[in-house]
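Dock chain B against the given chain A, drawing on the hints supplied.
2 protein chains.
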Amino acid sequence: MNDSDLDLRTIADRLSMKAALPFARGSSALFALFQAFANRHGTGEVILPALCCESVALAAMYAGLKPRFADVCGDTLCMTPETVGQLVNDSTRAVVIVHLFGVDANAAAFRELRRANPTVAFVEDIAHAVGGRTLCGKLLGSEMDYTLLSFAESKIIAGDGGILLFGERALDPDDVRSIIPASAPTKPPVVLAMNLRNVVHSLADLWRTSNDLELVTAFESLTPYFRDLIICSGGISDTEAVSDGFENLEDVRMIRYANYSLYRAGVQATHAKVVPLREGSTCWRCPVLFSTPQRARDTTTKLRSAGLHASNHYFPLNLLIGGEPKPIAEDSSSRIVNLWVEPRLPRNEIDAAIAIINRS
Amino acid sequence: MNDSDLDLRTIADRLSMKAALPFARGSSALFALFQAFANRHGTGEVILPALCCESVALAAMYAGLKPRFADVCGDTLCMTPETVGQLVNDSTRAVVIVHLFGVDANAAAFRELRRANPTVAFVEDIAHAVGGRTLCGKLLGSEMDYTLLSFAESKIIAGDGGILLFGERALDPDDVRSIIPASAPTKPPVVLAMNLRNVVHSLADLWRTSNDLELVTAFESLTPYFRDLIICSGGISDTEAVSDGFENLEDVRMIRYANYSLYRAGVQATHAKVVPLREGSTCWRCPVLFSTPQRARDTTTKLRSAGLHASNHYFPLNLLIGGEPKPIAEDSSSRIVNLWVEPRLPRNEIDAAIAIINRS
Numbered sequence: 001m002n003d004s005d006l007d008l009r010t011i012a013d014r015l016s017m018k019a020a021l022p023f024a025r026g027s028s029a030l031f032a033l034f035q036a037f038a039n040r041h042g043t044g045e046v047i048l049p050a051l052c053c054e055s056v057a058l059a060a061m062y063a064g065l066k067p068r069f070a071d072v073c074g075d076t077l078c079m080t081p082e083t084v085g086q087l088v089n090d091s092t093r094a095v096v097i098v099h100l101f102g103v104d105a106n107a108a109a110f111r112e113l114r115r116a117n118p119t120v121a122f123v124e125d126i127a128h129a130v131g132g133r134t135l136c137g138k139l140l141g142s143e144m145d146y147t148l149l150s151f152a153e154s155k156i157i158a159g160d161g162g163i164l165l166f167g168e169r170a171l172d173p174d175d176v177r178s179i180i181p182a183s184a185p186t187k188p189p190v191v192l193a194m195n196l197r198n199v200v201h202s203l204a205d206l207w208r209t210s211n212d213l214e215l216v217t218a219f220e221s222l223t224p225y226f227r228d229l230i231i232c233s234g235g236i237s238d239t240e241a242v243s244d245g246f247e248n249l250e251d252v253r254m255i256r257y258a259n260y261s262l263y264r265a266g267v268q269a270t271h272a273k274v275v276p277l278r279e280g281s282t283c284w285r286c287p288v289l290f291s292t293p294q295r296a297r298d299t300t301t302k303l304r305s306a307g308l309h310a311s312n313h314y315f316p317l318n319l320l321i322g323g324e325p326k327p328i329a330e331d332s333s334s335r336i337v338n339l340w341v342e343p344r345l346p347r348n349e350i351d352a353a354i355a356i357i358n359r360s
Numbered sequence: 001m002n003d004s005d006l007d008l009r010t011i012a013d014r015l016s017m018k019a020a021l022p023f024a025r026g027s028s029a030l031f032a033l034f035q036a037f038a039n040r041h042g043t044g045e046v047i048l049p050a051l052c053c054e055s056v057a058l059a060a061m062y063a064g065l066k067p068r069f070a071d072v073c074g075d076t077l078c079m080t081p082e083t084v085g086q087l088v089n090d091s092t093r094a095v096v097i098v099h100l101f102g103v104d105a106n107a108a109a110f111r112e113l114r115r116a117n118p119t120v121a122f123v124e125d126i127a128h129a130v131g132g133r134t135l136c137g138k139l140l141g142s143e144m145d146y147t148l149l150s151f152a153e154s155k156i157i158a159g160d161g162g163i164l165l166f167g168e169r170a171l172d173p174d175d176v177r178s179i180i181p182a183s184a185p186t187k188p189p190v191v192l193a194m195n196l197r198n199v200v201h202s203l204a205d206l207w208r209t210s211n212d213l214e215l216v217t218a219f220e221s222l223t224p225y226f227r228d229l230i231i232c233s234g235g236i237s238d239t240e241a242v243s244d245g246f247e248n249l250e251d252v253r254m255i256r257y258a259n260y261s262l263y264r265a266g267v268q269a270t271h272a273k274v275v276p277l278r279e280g281s282t283c284w285r286c287p288v289l290f291s292t293p294q295r296a297r298d299t300t301t302k303l304r305s306a307g308l309h310a311s312n313h314y315f316p317l318n319l320l321i322g323g324e325p326k327p328i329a330e331d332s333s334s335r336i337v338n339l340w341v342e343p344r345l346p347r348n349e350i351d352a353a354i355a356i357i358n359r360s
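If you read the protein sequences in the order shown, they are chains A and B.
Counting along the first sequence from 1, when you hit position 77 you're at 77 in my numbering, and nothing is skipped either side.
Counting along the second sequence from 1, when you hit position 8 you're at 8 in my numbering, and nothing is skipped either side.
Treat the hints as calculated values from the structure; they're not laboratory data.
Heads up, a few of these hints could be off.
[Claimed, not checked] Not close to chain B: a few residues of chain A, all C-beta gaps over 12 Å, as computed:
no.	residue
1	GLU214
2	SER233
3	ILE255
[To be verified] Just a sample of chain B residues kept apart from chain A, beta carbon distances all over 12 Å, derived:
no.	residue
4	ILE11
5	GLY42
6	ASN89
7	VAL191
8	ARG208
9	THR209
10	SER210
11	ASP212
12	LEU249
13	HIS271
14	GLU330
15	ILE356
[Unchecked claim] The list that follows gives simulated cross-link-like pairs (lysine to aspartate or glutamate, DMTMM-like), each with its CA atoms no further than 25 Å apart:
no.	chain 1	residue 1	chain 2	residue 2
16	A	LYS187	A	GLU153
17	B	LYS187	A	ASP205
18	B	LYS302	A	GLU153
We put the beta carbon where it would ideally sit given N, CA and C, even for glycine.
Pulled out of the complex, with its shape left as it was, chain A reads as follows (with noise of 0.2 Å):
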């Protein structure tokens, strides 16, 4: 199968989108819409929430971007029009909201920012939260100028690759399409995304350990070894996957949604609490906020003794990459555990996790 396979157009229309883009990563697409952004209107910037996958900022960097990292909002994890509007100038080429966990990151809050910055790329993110609802029950991911799909085996929708959808605002497709070069690899290197994921991983746990920590360093010598794993050529590969996943995405928003309800409904613990999350949303992770860096930590360690999910690998980007102190973020991103709502999850995984978060 290839792109063709895909129904493109019935994608871009159900987020009310102009056009949509096929790409082999979701990164290679965000890297392509950033160097079209350089090219016309000169380096300069993008913003992204400090708590997002280190990929959106490797893409920015690798089109010559400096990423500017927002804070987040204690509530929702995702940025805001204030955090955001503290950081938009001249230089701003980009602002990638992103719909973290499958939190509804409010973009209509966005609108106006946007209105008065007609040069910016206004993109969504909705890998996490594709088929979510807003609270006007419009689909996330149909706001801004740019909305970006990726598809793992580990997101919402099954498969490998992206696509950039393309709004009223934005550049004609084909000023995008071209900007990966023919000679950059086709497949994204899965070793080096291990690679990638294990280096973040164990910064992110070293600064667990010692607080003082400067890391900036050591990852900036290492960012130029990721390129590959960034801006890869061709399209999707597993179009059937993806196809699949658009058919019964509807029937996995609600069974992922039903398995973050009863975390929501179970955990009753002063000292833990279920980041909300909307009726209606897609949910990709149950994002829990314990109350110290200490209790995320033990109660990950029980929760993997006993078989079960739990990640607590969050970490500030500002931290990793460079900016300024993004206190919500880098308090938050300490105490995150995310457990797992996948729709073959046993209810009973999810009840042993839920007795042993209150007992923690």
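Showing chain B alone in chain A's frame:
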């Protein structure tokens, strides 16, 4: 229990050494020794094998000494009088001979070099090899000025901490004992040890993928954060485990060597060679050298998929810490896979590993 429950006198006597000093960690002993030499002779260099635990190099660096890495011999994976001799100069303060994985590094061959350099501390590190014997039937660790023992669940002798033995030409133990500041943490922080291992493993993995990688800057910027791991005050906590370890050493040695011998006899492949250990050796892990790095990686993956232990994270320290190329260490470390020989390892796991290697 405390150190006084440990018969240090007997441990020293066994190896014909004149004194024994316990430390909270093996690397704390090295730090104290290096610092004592730096105090006496001024800053300078420590020569150690390019294939070695990074904590030996860190101990030197924290004592203000520069690690110089000697290349290894492709047959033994240990350094030789020739590779060390090239590096010895007026700044040399210490030479650390490591009996890697249990292979006899032939300390006797360094006698001439030692004689010619009376102000240099010659140290044997026998953490992997304690209980093993030389070609002449002498116990390893009785040849040089100092011998380092260290204890951990994953080593030959369980327990914690380390012991530095002092030979004829050694400093007064009191001059080394007084080095570690009382303000240093008394327990080596377990999390920090895991962090160091994870950082080094993630950098090693990155090196395996991107051969032109420059890792020195990254590791250098992280070096300050591992001080508390290397410079620990106090002594051995679980002296009972260490006493038991010495008591059962010959039995454990024989079982480990028997397990090693099964691999040695069983691996019959042109693409994989078990590194030879002499009869009478203690084997820490059974090192297998594959014909190519790719084969070593692929076989590690196959062994792990079958639920078998295998480790391939060996990594030349010159690439992490700096220094001239060490071609043999760089080549061989990328092709080593280590297999477990623990006394309780089931025979069928050994047979299964052999079958996978022969088929790989």
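Please write out, lowest number first, the hints stated earlier that are contradicted by the structure. Of the numbered hints given earlier, those the structure breaks are 1, 7, 8, 9, 10, 11, listed in rising order.
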